[in-house]
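Colleague: These protein sequences, in sequence, are chains A and B. Here our numbering is used: position 83 in the first sequence is 83, and no number is missing along the way. Here our numbering is used: position 176 in the second sequence is 176, and no number is missing along the way.
Just so you know, these hints were derived from the structure itself, not from any lab. Incorrect hints may appear among the rest.
To give an idea of the interface, some chain B residues facing chain A are shown, with a C-beta separation under 7 Å as derived from the structure [unchecked claim]:
(1) 62
(2) 63
(3) 90
(4) 91
(5) 92
(6) 93
(7) 121
(8) 237
(9) 238
(10) 338
(11) 340
We treat Cβ as the ideally placed atom computed from N, Cα and C, and that holds for glycine.
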Amino acid sequence: MTSERGSRMVWVVIAGGLAFVVLAVIFAGRFGTDPDLSSSPLIDKPAPNSVVALMDGSGTVAIDDFSGDITVINYWASWCLGCRTEHDALTRAATDYAGFDVTFIAINYQDSPGNAQGFLDELGTSPETIYTVDEGSRTAFEWGVLGLPETFFIDRDGIVVGKVSGPVSYGLLSQTIDQIILGESVGDIETGDVENR
Amino acid sequence: MSERARNLIAIGVAAVALGVIVFGLFSGPSAAPSAEDRIATLSASIRCPFCNGESLAESQAGVAADYRELITERVAAGATDEEILDEFAANFGDSFILDTSTSAWSVALWVVPILALLVGGGAIVWLRRQSTSDVRHPITDERPPTTDERPTGVNRRTLVGVAIVGVAVVAIGVFAVKSLSGPSTAGVEGVAGDVATGQGEVDLSKVTNAEMEGLVAANPDVVGMRVALARRYFEAGEFTDALDHYMIVLDQEKHPEALANVGWMTHISGRSDVALGYVEAALQVKPDYLTATWFLGNIQIALGNNEAAAEAFTTIVESDQIPDDVKQTAQQLLDQMEEG
Numbered sequence: 001m002t003s004e005r006g007s008r009m010v011w012v013v014i015a016g017g018l019a020f021v022v023l024a025v026i027f028a029g030r031f032g033t034d035p036d037l038s039s040s041p042l043i044d045k046p047a048p049n050s051v052v053a054l055m056d057g058s059g060t061v062a063i064d065d066f067s068g069d070i071t072v073i074n075y076w077a078s079w080c081l082g083c084r085t086e087h088d089a090l091t092r093a094a095t096d097y098a099g100f101d102v103t104f105i106a107i108n109y110q111d112s113p114g115n116a117q118g119f120l121d122e123l124g125t126s127p128e129t130i131y132t133v134d135e136g137s138r139t140a141f142e143w144g145v146l147g148l149p150e151t152f153f154i155d156r157d158g159i160v161v162g163k164v165s166g167p168v169s170y171g172l173l174s175q176t177i178d179q180i181i182l183g184e185s186v187g188d189i190e191t192g193d194v195e196n197r
Numbered sequence: 001m002s003e004r005a006r007n008l009i010a011i012g013v014a015a016v017a018l019g020v021i022v023f024g025l026f027s028g029p030s031a032a033p034s035a036e037d038r039i040a041t042l043s044a045s046i047r048c049p050f051c052n053g054e055s056l057a058e059s060q061a062g063v064a065a066d067y068r069e070l071i072t073e074r075v076a077a078g079a080t081d082e083e084i085l086d087e088f089a090a091n092f093g094d095s096f097i098l099d100t101s102t103s104a105w106s107v108a109l110w111v112v113p114i115l116a117l118l119v120g121g122g123a124i125v126w127l128r129r130q131s132t133s134d135v136r137h138p139i140t141d142e143r144p145p146t147t148d149e150r151p152t153g154v155n156r157r158t159l160v161g162v163a164i165v166g167v168a169v170v171a172i173g174v175f176a177v178k179s180l181s182g183p184s185t186a187g188v189e190g191v192a193g194d195v196a197t198g199q200g201e202v203d204l205s206k207v208t209n210a211e212m213e214g215l216v217a218a219n220p221d222v223v224g225m226r227v228a229l230a231r232r233y234f235e236a237g238e239f240t241d242a243l244d245h246y247m248i249v250l251d252q253e254k255h256p257e258a259l260a261n262v263g264w265m266t267h268i269s270g271r272s273d274v275a276l277g278y279v280e281a282a283l284q285v286k287p288d289y290l291t292a293t294w295f296l297g298n299i300q301i302a303l304g305n306n307e308a309a310a311e312a313f314t315t316i317v318e319s320d321q322i323p324d325d326v327k328q329t330a331q332q333l334l335d336q337m338e339e340g
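Build out the structure end to end from the sequences listed, making use of the hints.
Modeller: Below, the structure is given as structure tokens:
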């Protein structure tokens, strides 16, 4: 009888121990999750049809205006060091891929018009890039922008197929656009840190 | 009272306590909140995506103000709280919703310990019952009414009582946490008085720039409000306005934030040599001011003083108060300088 009781106790202790270990593993897994590193919820979803104002004040453009093109949307600001780093790669890629029906839209975010224009005057522009400004952070909200720079890629079907967090290099841009032209998936890519103010 | 009846009562009390907990977790306020209350609650429930862990309500960043305005518009348009939170979650991810009281994980965090308590208590009661029921008369095979009966009954009642008290304490704790952590719905009335006297906690997120301008004009010697307003302009990239207010602050005191941010704006305007003096002054006032150290590193790079820049970035990299992403950026800059 004593041995039966002891046996039951052993089983209860084992069951309790197993339950503890399972729960500990589950909760410990959650503690290790950094919410800042969440991937973009927009990937593989239709691109928001954001309407952005042109920097020169001549009107607005909508993302849907470029349906059928591959669209590269880059969020930038004059205060963002990473944006300065990647600017040349973006302007070169916009020129090089213009013949492939690839549209580059640069969206200036959380910046002053004077500083933004000064940035472009200093570093140059590409005639193939559409320079816009995000008034009231509305498009950044629609795109879930978490910091700068961030670059989104839309395929010819209007689906968000990729996002780069951090500065892009020319090599990464061309490789990513080539992938999209070939119909391959891209997903989330981190090249470095995005900057917050 | 029979043992069965006692057990039924115990189970009933535990069930009621659990019901109270669930009600406490999921029930909303009895009266319909005003639009302002809803906006305040929603702003406190959403993490500002640009602001290192602050909620939209807490952050003074321009983007947080934009998103608060967006929430205000959504509320005015008739959107429910759930619709607004869903919209933020759809664009930024679930992790940006700070109010996770109804998520499966938070429910699990509350329910699992309670279930463990009940299951554990039940297991102990069951084991004790088994152990006493095993003691049989060798001839009649009946459980003898020995003196063991009384202590066993007392222990069982004690265990059940402890379990009920435990569940009740948890229930009270849930309500206490809920009531203490609820968002403040204090209005902005009395802001000027609080600022003028330096008393009270003012939620500046609810005060517009125009209102703050009026307040600092009415209370020109109040530094804190002016610094907060200048910071808003600075974070929005409206450097002219930011500079005006920071310079007024600097006329009154060597405020480290004012010195550092004026230095940074001067650097951006192309006068890194002048900027250096401001940032170094900020660090004289507040030697452990890491934002100023970060500015200093960038300004020293612009001036070609790589050694001094490296010293500043090394401080950033070695600090345990700097977010990892900033440290990595500083490390990258250090690596770039080493590579020449």
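Colleague: Can you list which hints this structure breaks, lowest number first?
Modeller: 7, 10 and 11
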